[in-house]
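J.: Sequence:
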Amino acid sequence: MQTQLLGQPVSHISFGKGIITAVSDQIVTISFAQGEKKFLYPQAFTSFLTLKDPQKQREVNAGYNRALQAEEAKKKQEWEKQERRRQMLTMKIAPNSQAAFQICAKDAESIIQGGTVPTGCYLSGYSKGAPRIPNRLKPNSACLLTALPESGGERDRQVLGAFMVNEDFWGEHCRDGMVKGHERYRLCLPAGKTLPYWNYFDHGAVLPRWGNVAFRYFSNSVMQKMLFDMAGLFSGTGQEPAAREFYRYFCEINRLPVRQPGTEQG
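Residue numbers for the sequence shown follow my numbering, beginning at 1 and rising by one.
For the record, the hints were derived by calculation from the structure and aren't laboratory data. There's no promise every hint is true.
Said to hold, decoys possible - As a list, the in silico SDA-like pairs of lysine to any residue whose alpha-carbon atoms are at most 20 angstroms apart:
| hint | residue 1 | residue 2 |
| --- | --- | --- |
| 1 | K38 | I13 |
| 2 | K38 | G16 |
| 3 | K52 | T21 |
| 4 | K180 | N199 |
| 5 | K225 | M178 |
| 6 | K180 | P131 |
Go ahead and model the full structure; you've got the sequences and the hints to work with.
T.: Here it is, written out as structure tokens:
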């Protein structure tokens with residue numbers, strides 16, 4: 001639009017008639033009888049400058065309004081982002097708001113990339129067959145992906161990856177049975193690397209059981225240990241910074257101390 005304004009006649013409320021001689025991204029130069037003057041573009045055309053061509057004037061005004069709307073939308077988006085972060089940092093932290101999901105091992109990467117995991121259905125009661133509502137999951141929750149190896153029993157369950165839930169995800173409002181993941185904080189463990197799931201729980205000599213559910217809740221402190229160890233599996237790789245950042249983010253919003261690599265877990 002700017003180049004189309006070159007040579008266009010204009011009228012100024014004080015300097016009278018003039019001709020546009022140059023236009024940059026933010027400055028328009030106009031030649032008046034008194035000499036050249038520079039103005040902010042396109043703001044000047046919304047107050048004291050008017051193009052002789054009414055169609056071009058309307059186009060300039062429309063472009064300016066679009067820019068204002070885009071700026072307002074950007075400010076609103078940033079405010080909403082900051083508000084979500086404030087809510088996360090001030091919300092009440094429940095001690096068992098993390099979830100481990102049962103999946104097929106071959107689906108781990110696609111689930112991580114897609115950023116969603118199903119909650120399964122209620123197996124009995126009034127809601128039998130309806131999607132299970134993950135009411136304990138909140139923006140501070142992480143979803144752990146686990147699977148049984150091809151050969152081995154429940155005791156051999158392995159951790160394959162994890163992702164944070166989205167910043168605006170509240171499980172109590174989830175009715176479609178799909179947990180939405182955060183677009184940034186996701187980890188799929190490297191090929192050949194897994195963590196033994198049940199090693200993080202004190203179950204004694206009793207054989208651990210999973211049951212028929214799609215997911216199980218567990219503690220924030222256990223998830224913290226898992227994420228730290230998962231990040232360690234990426235040590236020396238290009239993904240290590242992202243894995244460490246995931247761990248730090250989880251600790252921040254769960255108000256847990258950040259453990260540094262090479263230190264012992266307290």
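J.: Each hint needs a verdict: does it hold in this structure or not?
T.: Cross-check of the supplied hints:
1. K38 to I13: Measuring from Cα to Cα gives roughly 15 angstroms; hence the hint holds.
2. K38 to G16: holds (14 angstroms)
3. K52 to T21: holds (15 angstroms)
4. K180 to N199: violated (27 angstroms)
5. K225 to M178: Between K225 and M178 the Cα gap is close to 26 angstroms, so the pair fails against 20 angstroms, i.e. violated.
6. K180 to P131: The hint holds at about 14 angstroms.
Of the numbered hints stated above, those contradicted by the structure are hints 4, 5, listed in ascending order.
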